[in-house]
Amino acid sequence: MAASKGPPTKGPLDGLIVLDLSRILAGPTCTQALGDLGATIIKIEHPDRGDDTRGWGPPFANDPQGDPTDLSSYFMCANRNKLSVGVDIATPEGQETIHQIAARADVVIENFKPGGLDKYGLDFNSLLTAYPQLVYCSISGFGQTGPNREKPGYDLMAQGYSGIMALTGAKDGPPAKVAVGIADVMTGMYAATGILAALRHRDQTGQGQHIDLSLVDATVAWMINEGVAHLTTNAPRPRRGDQHATIVPYQTFACADGHVLVAVGNDTQYIRFCDFLGRPDLADDPRFATNSNRVINREALIPTLEQLMRQHKQADIVEALEARKVPVGPVYTVEQTFASDQVAAREMRIDMPKQGVDRGGVELIGNPLKFSATPVTYRHAPPNLGEHTQAVLDWLADRRETPEG
Numbered sequence: 000m001a002a003s004k005g006p007p008t009k010g011p012l013d014g015l016i017v018l019d020l021s022r023i024l025a026g027p028t029c030t031q032a033l034g035d036l037g038a039t040i041i042k043i044e045h046p047d048r049g050d051d052t053r054g055w056g057p058p059f060a061n062d063p064q065g066d067p068t069d070l071s072s073y074f075m076c077a078n079r080n081k082l083s084v085g086v087d088i089a090t091p092e093g094q095e096t097i098h099q100i101a102a103r104a105d106v107v108i109e110n111f112k113p114g115g116l117d118k119y120g121l122d123f124n125s126l127l128t129a130y131p132q133l134v135y136c137s138i139s140g141f142g143q144t145g146p147n148r149e150k151p152g153y154d155l156m157a158q159g160y161s162g163i164m165a166l167t168g169a170k171d172g173p174p175a176k177v178a179v180g181i182a183d184v185m186t187g188m189y190a191a192t193g194i195l196a197a198l199r200h201r202d203q204t205g206q207g208q209h210i211d212l213s214l215v216d217a218t219v220a221w222m223i224n225e226g227v228a229h230l231t232t233n234a235p236r237p238r239r240g241d242q243h244a245t246i247v248p249y250q251t252f253a254c255a256d257g258h259v260l261v262a263v264g265n266d267t268q269y270i271r272f273c274d275f276l277g278r279p280d281l282a283d284d285p286r287f288a289t290n291s292n293r294v295i296n297r298e299a300l301i302p303t304l305e306q307l308m309r310q311h312k313q314a315d316i317v318e319a320l321e322a323r324k325v326p327v328g329p330v331y332t333v334e335q336t337f338a339s340d341q342v343a344a345r346e347m348r349i350d351m352p353k354q355g356v357d358r359g360g361v362e363l364i365g366n367p368l369k370f371s372a373t374p375v376t377y378r379h380a381p382p383n384l385g386e387h388t389q390a391v392l393d394w395l396a397d398r399r400e401t402p403e404g
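Numbering that gives the first Met the number 0 puts the first residue of the sequence shown at 0, with every later residue one more than the last.
To be clear, the hints were calculated from the coordinates, so they are not data collected in a lab. Heads up, some of the hints might be wrong.
List time: in silico SDA-like cross-link candidates among lysine to any residue, alpha-carbon distance up to 20 Å [as the list claims (entries may be wrong)]: (1) K112 with G49; (2) K369 with Q341; (3) K176 with A244; (4) K312 with N296; (5) K312 with A322; (6) K176 with P151; (7) K9 with K312; (8) K324 with D266; (9) K112 with H209; (10) K324 with I246; (11) K118 with T90; (12) K118 with I88; (13) K176 with N224; (14) K324 with K369; (15) K176 with Q242; (16) K176 with M164; (17) K118 with Y153; (18) K324 with G277; (19) K312 with L260; (20) K312 with R278; (21) K176 with D241; (22) K112 with I88; (23) K324 with L260; (24) K312 with Q250; (25) K118 with Y130; (26) K369 with K150; (27) K118 with M164; (28) K312 with T251; (29) K369 with A191; (30) K324 with T251; (31) K118 with H209; (32) K176 with A191; (33) K9 with D266; (34) K176 with P237.
Model the full assembly from the supplied sequences, consistent with the hints where possible.
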């Protein structure tokens, strides 16, 4: 497990100040990514309730007496490297505090329903008029325009509306959602990309702008090859379980003692795969000799491959196919993933010190970006509600460069 990293260098976004009015997952995913890169993230939370996900548990990090804290695992997954400030934006005093922060910020991100911040004077028109240098990113379920503008947005609904659920799950089973909030996460990644692009424009022109991003748009966008296949053919796309739409064989196979993944990416690999199975005739058969023909004739091929794979143990399959340069791998449990030497070597499991937690710290998933000159830093463990309110108010009063010092 990787130890908590100190900041040996300043991150590439050092000095950038982000006013984070978002909650749940999409916005927090974005701002955590920016925070890992060195930006100062000022997370605004209702002083009594905080981010909704603080209550989305168990599991929670426990205090030294064994009682749950306000740090649910869900909250912690997307809220490191942030300063938590308790502000009630429904009050004039809270609105004034937000304006004071916005005046010194580079970025504002929010995920209220379209128009939801208008009554507080914190909408993009109001803040961009007052502070034209801002990059203001709005995340909503369906976007600021369109017939569904007023509908609330949740990851589950975005997965259903986008079509991804219709393609996910067993061939003869019901539609299935992706196990994690992938629509939220991908929207957060698009938001980070959009914000960085808008900052580039701001630095060149001095002008900020508004970014309008929706969960449904982002989820439709990452339908990628399946979405374009439908547009190309104007035909329905079938659900294939864990099989690939246009590569065969590329799927999970049951074996004698578990499951194994095989991803045959070209015809040469297929020949070597058939050699392992002791069935070179399956490579010579014109129905299966090319990937295009294997896709067309998958119903004739796959049952035979499944029968042959069940005769071998997982470890033997992995060893033999790796030796033949055929892409192969086991299906890990979550426990096996985080216990693996690869996760350790890539520092994808990290410890962060945290006062008030029974183990003296929390374990989190690391950032996948590996910079040669400006590495990711882990400066702040996920905060307790309002932990940094006074520090940020002091910063507003004393004009330091950032509230992080």
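Now the hints, each set against the structure:
{"no.": "1", "hint": "K112 with G49", "verdict": "holds (18 Å)"}
{"no.": "2", "hint": "K369 with Q341", "verdict": "holds (15 Å)"}
{"no.": "3", "hint": "K176 with A244", "verdict": "holds (18 Å)"}
{"no.": "4", "hint": "K312 with N296", "verdict": "violated (27 Å)"}
{"no.": "5", "hint": "K312 with A322", "verdict": "holds (16 Å)"}
{"no.": "6", "hint": "K176 with P151", "verdict": "holds (18 Å)"}
{"no.": "7", "hint": "K9 with K312", "verdict": "violated (49 Å)"}
{"no.": "8", "hint": "K324 with D266", "verdict": "holds (12 Å)"}
{"no.": "9", "hint": "K112 with H209", "verdict": "holds (15 Å)"}
{"no.": "10", "hint": "K324 with I246", "verdict": "holds (17 Å)"}
{"no.": "11", "hint": "K118 with T90", "verdict": "holds (11 Å)"}
{"no.": "12", "hint": "K118 with I88", "verdict": "holds (10 Å)"}
{"no.": "13", "hint": "K176 with N224", "verdict": "holds (18 Å)"}
{"no.": "14", "hint": "K324 with K369", "verdict": "violated (27 Å)"}
{"no.": "15", "hint": "K176 with Q242", "verdict": "holds (16 Å)"}
{"no.": "16", "hint": "K176 with M164", "verdict": "holds (5 Å)"}
{"no.": "17", "hint": "K118 with Y153", "verdict": "violated (23 Å)"}
{"no.": "18", "hint": "K324 with G277", "verdict": "holds (16 Å)"}
{"no.": "19", "hint": "K312 with L260", "verdict": "holds (13 Å)"}
{"no.": "20", "hint": "K312 with R278", "verdict": "holds (18 Å)"}
{"no.": "21", "hint": "K176 with D241", "verdict": "holds (13 Å)"}
{"no.": "22", "hint": "K112 with I88", "verdict": "holds (15 Å)"}
{"no.": "23", "hint": "K324 with L260", "verdict": "holds (14 Å)"}
{"no.": "24", "hint": "K312 with Q250", "verdict": "holds (17 Å)"}
{"no.": "25", "hint": "K118 with Y130", "verdict": "holds (18 Å)"}
{"no.": "26", "hint": "K369 with K150", "verdict": "violated (39 Å)"}
{"no.": "27", "hint": "K118 with M164", "verdict": "violated (36 Å)"}
{"no.": "28", "hint": "K312 with T251", "verdict": "holds (14 Å)"}
{"no.": "29", "hint": "K369 with A191", "verdict": "holds (17 Å)"}
{"no.": "30", "hint": "K324 with T251", "verdict": "holds (18 Å)"}
{"no.": "31", "hint": "K118 with H209", "verdict": "holds (18 Å)"}
{"no.": "32", "hint": "K176 with A191", "verdict": "violated (24 Å)"}
{"no.": "33", "hint": "K9 with D266", "verdict": "violated (47 Å)"}
{"no.": "34", "hint": "K176 with P237", "verdict": "holds (16 Å)"}
The structure fails hints 4, 7, 14, 17, 26, 27, 32, 33 (numbered hints given earlier, in ascending order).
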